[in-house]
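In order, the protein sequences belong to chains A and B.
FYI, the numbering for the first sequence is 1 to 116, going by our numbering.
FYI, the numbering for the second sequence is 1 to 116, going by our numbering.
Hints may be right or wrong, so weigh each one.
As the list claims (entries may be wrong) - Computed cross-link-like contacts, BS3-like style, restricted to lysine-lysine with a CA-CA straight-line distance of at most 27 Å:
id : chain 1 : residue 1 : chain 2 : residue 2
1  : A       : Lys70     : B       : Lys9
2  : A       : Lys111    : A       : Lys16
3  : A       : Lys108    : B       : Lys9
4  : A       : Lys38     : B       : Lys14
5  : A       : Lys111    : B       : Lys70
6  : A       : Lys108    : B       : Lys57
7  : A       : Lys3      : A       : Lys111
8  : B       : Lys71     : B       : Lys14
9  : A       : Lys3      : A       : Lys108
10 : A       : Lys108    : A       : Lys38
11 : A       : Lys3      : B       : Lys57
12 : B       : Lys70     : B       : Lys9
13 : A       : Lys38     : A       : Lys70
Said to hold, decoys possible - Far from chain A, some chain B residues (derived; all Cβ distances over 10 Å):
id : residue
14 : Leu13
15 : Met41
16 : Gly42
17 : Lys71
18 : Asp109
19 : Ile115
If you are wondering where the hints come from, they were derived from the structure by calculation, not from laboratory data.
Don't be surprised by glycine CBs; every beta carbon is placed ideally from N, CA and C.
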Amino acid sequence: AQKVTQAQTEISVVEKEDVTLDCVYETRDTTYYLFWYKQPPSGELVFLIRRNSFDEQNEISGRYSWNFQKSTSSFNFTITASQVVDSAVYFCALSTTQGGSEKLVFGKGMKLTVNP
Amino acid sequence: NAGVTQTPKFRVLKTGQSMTLLCAQDMNHEYMYWYRQDPGMGLRLIHYSVGEGTTAKGEVPDGYNVSRLKKQNFLLGLESAAPSQTSVYFCASSYSWTVDSNQPQHFGDGTRLSIL
Chain A
1 AQKVTQAQTE ISVVEKEDVT LDCVYETRDT TYYLFWYKQP PSGELVFLIR RNSFDEQNEI
61 SGRYSWNFQK STSSFNFTIT ASQVVDSAVY FCALSTTQGG SEKLVFGKGM KLTVNP
Chain B
1 NAGVTQTPKF RVLKTGQSMT LLCAQDMNHE YMYWYRQDPG MGLRLIHYSV GEGTTAKGEV
61 PDGYNVSRLK KQNFLLGLES AAPSQTSVYF CASSYSWTVD SNQPQHFGDG TRLSIL
């Protein structure tokens, strides 16, 4: 069975603080994809990053960085120097290939509030 | 590009009424999905389709039916609405893994449905 756990449900920080969002996943597949999506207060889902199970290279993109570690089944997301506009619910997701279709299993989300 | 368009954006129904949510995509994607989002639950897959004329059940299919008569459209039907179906519904689409394994699912902006 596929499962994604976001242990943190809500985090509140002050602007310019760094914040790391944790994600732990479970899967028996050897090929899988991991995602982070952002859902701002307006409600739409914004794709942030996708990583496949064979690519453990961590990445930095502007103020965002990702740490993928297969050994601990974790795919953590860090925002450096947070801004008020980063306030949103962040979802970690895992894709399975059951039935040949890329289906996403989502974590329950983590609400980030960045205060000025 | 319109991407993924969901119609309607909001709807209030009475228990027992029926309705259909429409999802349209203009990216020629093979795969389409319907998710529901409930507070504290993340997004859960209702039904999905790997191509025109095919549909399959997801994690929470009970009470819903779907149809994919045209490649660009994926309809979600509620035959007899129940208060437990009050939720935000998201449609998504993607290429098949054999076509492009690097593209994520593209989501619509959601339909907020209330069942009284």
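Do the hints match the structure? See the list:
1. A hinted pair counts as satisfied when its Cα atoms are at most 27 Å apart, and Lys70(A) with Lys9(B) does not qualify at roughly 39 Å.
2. For the hint pairing Lys111(A) with Lys16(A), the CA-to-CA distance comes to about 17 Å; that is within 27 Å, so the pair holds.
3. Restraint check for Lys108(A) and Lys9(B): the C-alpha separation of about 23 Å stays at or below 27 Å, so the hint holds.
4. Between the alpha carbons of Lys38(A) and Lys14(B) the distance comes to roughly 32 Å, so the proposed pair goes past 27 Å and is violated.
5. Pair hint Lys111(A) plus Lys70(B) does not hold up; C-alpha atoms about 37 Å apart against a cutoff of 27 Å.
6. For the given pair, Lys108(A) sits about 21 Å from Lys57(B) by alpha-carbon distance, which is consistent with the 27 Å threshold.
7. With a C-alpha separation of about 19 Å, the suggested pairing of Lys3(A) with Lys111(A) holds against the 27 Å cut-off.
8. Taking the CA atoms of Lys71(B) and Lys14(B), the gap is near 31 Å; set against the 27 Å cutoff, the hint is violated.
9. A distance of roughly 10 Å separates the Cα atoms of Lys3(A) and Lys108(A); the hinted pair therefore holds under the 27 Å criterion.
10. Distance hint between Lys108(A) and Lys38(A) is fulfilled; the C-alpha atoms sit about 12 Å from each other, no more than 27 Å.
11. Taking the CA atoms of Lys3(A) and Lys57(B), the gap is near 18 Å; set against the 27 Å cutoff, the hint holds.
12. The straight-line distance between the Cα atoms of Lys70(B) and Lys9(B) is roughly 21 Å, inside the 27 Å bound, and the hint therefore holds.
13. Our distance criterion of 27 Å between C-alpha atoms is met by Lys38(A) and Lys70(A), whose separation comes to about 23 Å.
14. Residue placement check: Leu13(B) keeps its beta carbon more than 10 Å from all beta carbons of chain A (closest about 20 Å).
15. For Met41(B), the non-interface assignment is contradicted: its Cβ lies about 6 Å from the closest Cβ of chain A, within the 10 Å cut-off.
16. Taking the minimum C-beta to C-beta distance to chain A, about 4 Å, the non-interface status of Gly42(B) is violated against the 10 Å cut.
17. The beta carbon of Lys71(B) sits about 15 Å from the closest Cβ of chain A, which is more than 10 Å, so the claim that it is off the interface holds.
18. The Cβ of Asp109(B) does not lie farther than 10 Å from every Cβ of chain A; its closest approach is about 5 Å, which violates its non-interface assignment.
19. For Ile115(B), the requirement that its beta carbon stay farther than 10 Å from each beta carbon of chain A is met, with the minimum near 19 Å.
Checked against the numbered hints above, the structure violates hints 1, 4, 5, 8, 15, 16, 18; every other hint is satisfied.
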